[in-house]
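> Listed here are the chains, written in short residue letters.
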Amino acid sequence: MKGQIFLYVFIMWLMILGGGGLLVLTIAPIEIHGFGRYSDEFLDSGIKAVIAIFLVVLWIFIMSKIKNWIFHKQIRN
Amino acid sequence: MLDKTIAAIVISAIAFVTVYAITPILIKNLEKRKLVVKDYNRVGGAMVARPGGPSILAGILASELVLYALFSSVEVLAIILTTFLAFLVGLADDRKVLGGWFKPLALAATAIPIILLGAHGSHLDFPLFGSVNIPELYLALIIIMIPITGNTVNSIDVLNGVASGFMTIASFALTISLFIVHHYDIAIASLPLGFVSLAFYRYHKFPSRIFPGDSGALTLGAMYGTIAIVGHVEIIAAVALLPAVINSFLFLSSVKRIVEHRQLKSSPVEHTEDFKLKATEHKDAPVTLVRLIVANGPMTEKEVGFTIFKLALFSAALAIITAFMTGIKI
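Quick note, the sequences are listed as chains A and B, same order. Each residue of the first sequence is one higher than the last, beginning at 1 in my numbering. Each residue of the second sequence is one higher than the last, beginning at 1 in my numbering.
Bound-form chain A, shown alone (with noise of 0.2 Å):
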């Protein structure tokens, strides 16, 4: 039990570098135009902030599925 909780806190980071790499390489590039400067800022930051919570809600379901997977035989019990 013990070597699986060490995995899942592997998991967990591996996640967390794999989580940035997309917010860095495809939500931060994204650039809204023509709406007037500060309509194009507010809906810049709401568009990205709405994927990011999708993301957050996306992570903890993953990890969710993994903690049962991991855990199953103890959850279960």
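Just so you know, the hints here were simulated from the structure itself, not pulled from any lab data. It cannot be assumed that every hint is accurate.
Unchecked claim - In silico BS3-like cross-links for lysine-lysine, where the CA-CA straight-line distance does not exceed 25 Å: (1) K65(A) x K283(B); (2) K2(A) x K276(B); (3) K2(A) x K302(B); (4) K2(A) x K310(B); (5) K205(B) x K38(B); (6) K283(B) x K2(A); (7) K2(A) x K205(B); (8) K65(A) x K2(A); (9) K278(B) x K2(A).
To be verified - Beta-carbon label-pair distances, calculated as ranges: (10) G297(B) x E31(A): 55 to 63 Å; (11) I66(A) x R95(B): 33 to 41 Å; (12) R33(B) x V50(A): 46 to 54 Å; (13) L2(B) x H33(A): 48 to 56 Å.
To be verified - Reference listing, derived: stretches of chain A covered by chain B, where coverage requires no fewer than 3 residues with Cβ under 8 Å from a Cβ of chain B: (14) 10-20; (15) 23-35; (16) 40-49; (17) 56-70.
Since this is a predicted model, take the numbers as computed values, not measurements. Where a beta carbon is used, it is the ideal one built from N, C-alpha and C, also for glycine.
For chain A, the structure is supplied; the task is to place chain B on it using the hints.
Quick look at chain B alone, frame taken from chain A:
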């Protein structure tokens, strides 16, 4: 450079000695005023003084105020104010049991000095991939970061010595990481957190003579979160805190709501006849880190604590690797 090295040594010594000297006096004072709680994991249920937050705060304030007097840094001022406000929130919770939502909301308010003083950046640094500039979103991140770190440290305060020992490891990992990413001033400002935790561990370790209480745990957690923000090492700080994050995550995903431990109907662990900890068989009990650690068989409280410290050391190593990776861009 020499003056900063001397300052680092001086404030580390002040932080350690203050907590080391004040805590026994605080223990006597709390016992005299009958401010004690039962240690349910101890044979016979010994009464232990609580809260230890005042001595933790004294160590932090004494050292950080000296640092502020020497260098007048706005980041250090933000650390002092946010930590002090978090202590007040914790103290209120120690005195009167407050609702599950009170602490996150009140702790969110403690982050205001960081914003008002402008002691934050506007970008998140990720290892290997570079950084993202998120000026508006970063303000929201500051507001949620302090409640997360505060409550995460509070949630790991489950056994004798665990919260202070865990914070000693995580704090020194954060300090080393700050040096690696060349944020020397904040690295120096983070030293008191590790030394305060270490000095408090002397009295908190098994068998505990004092518990930190909410005032102690939230003070440590809020200071950790503030250092992460003003030092621009949010991701590294999260990695060093992973075992505690997992504990909160397991707890929340099993109870599916924000709730205090004391409000739970069944405990995640029980005692064997020889007073070892074993996983409960109650279906409605939450899944926690301790429950998973003892899932394969009963362990003593001390053994469980050392397993958590091994996990903390593993996360600390990952955090330091992450700090090295932050300087590399692929």
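> Does each hint fit the structure? Answer for all of them.
Structure-based check of all given hints:
1. K65(A) x K283(B): 19 Å, holds
2. K2(A) x K276(B): 17 Å, holds
3. K2(A) x K302(B): 15 Å, holds
4. K2(A) x K310(B): 10 Å, holds
5. K205(B) x K38(B): Satisfied, since the Cα-Cα distance of roughly 16 Å is no more than 25 Å.
6. K283(B) x K2(A): With Cα atoms ~22 Å apart, K283(B) and K2(A) stay inside 25 Å; holds.
7. K2(A) x K205(B): 22 Å, holds
8. K65(A) x K2(A): Distance of about 19 Å is within 25 Å: holds.
9. K278(B) x K2(A): 14 Å, holds
10. G297(B) x E31(A): 55 to 63 Å: 56 Å, holds
11. I66(A) x R95(B): 33 to 41 Å: Hint holds: Cβ distance 40 Å, inside 33 to 41 Å.
12. R33(B) x V50(A): 46 to 54 Å: For R33(B) and V50(A) the Cβ distance comes to about 51 Å; the hint holds.
13. L2(B) x H33(A): 48 to 56 Å: 52 Å, holds
14. 10-20: Holds: 6 residues of the region 10-20 of chain A have a Cβ under 8 Å from chain B.
15. 23-35: holds (count 5)
16. 40-49: holds (count 4)
17. 56-70: holds (count 4)
When each numbered hint is compared with the structure, no violation occurs for any of them.
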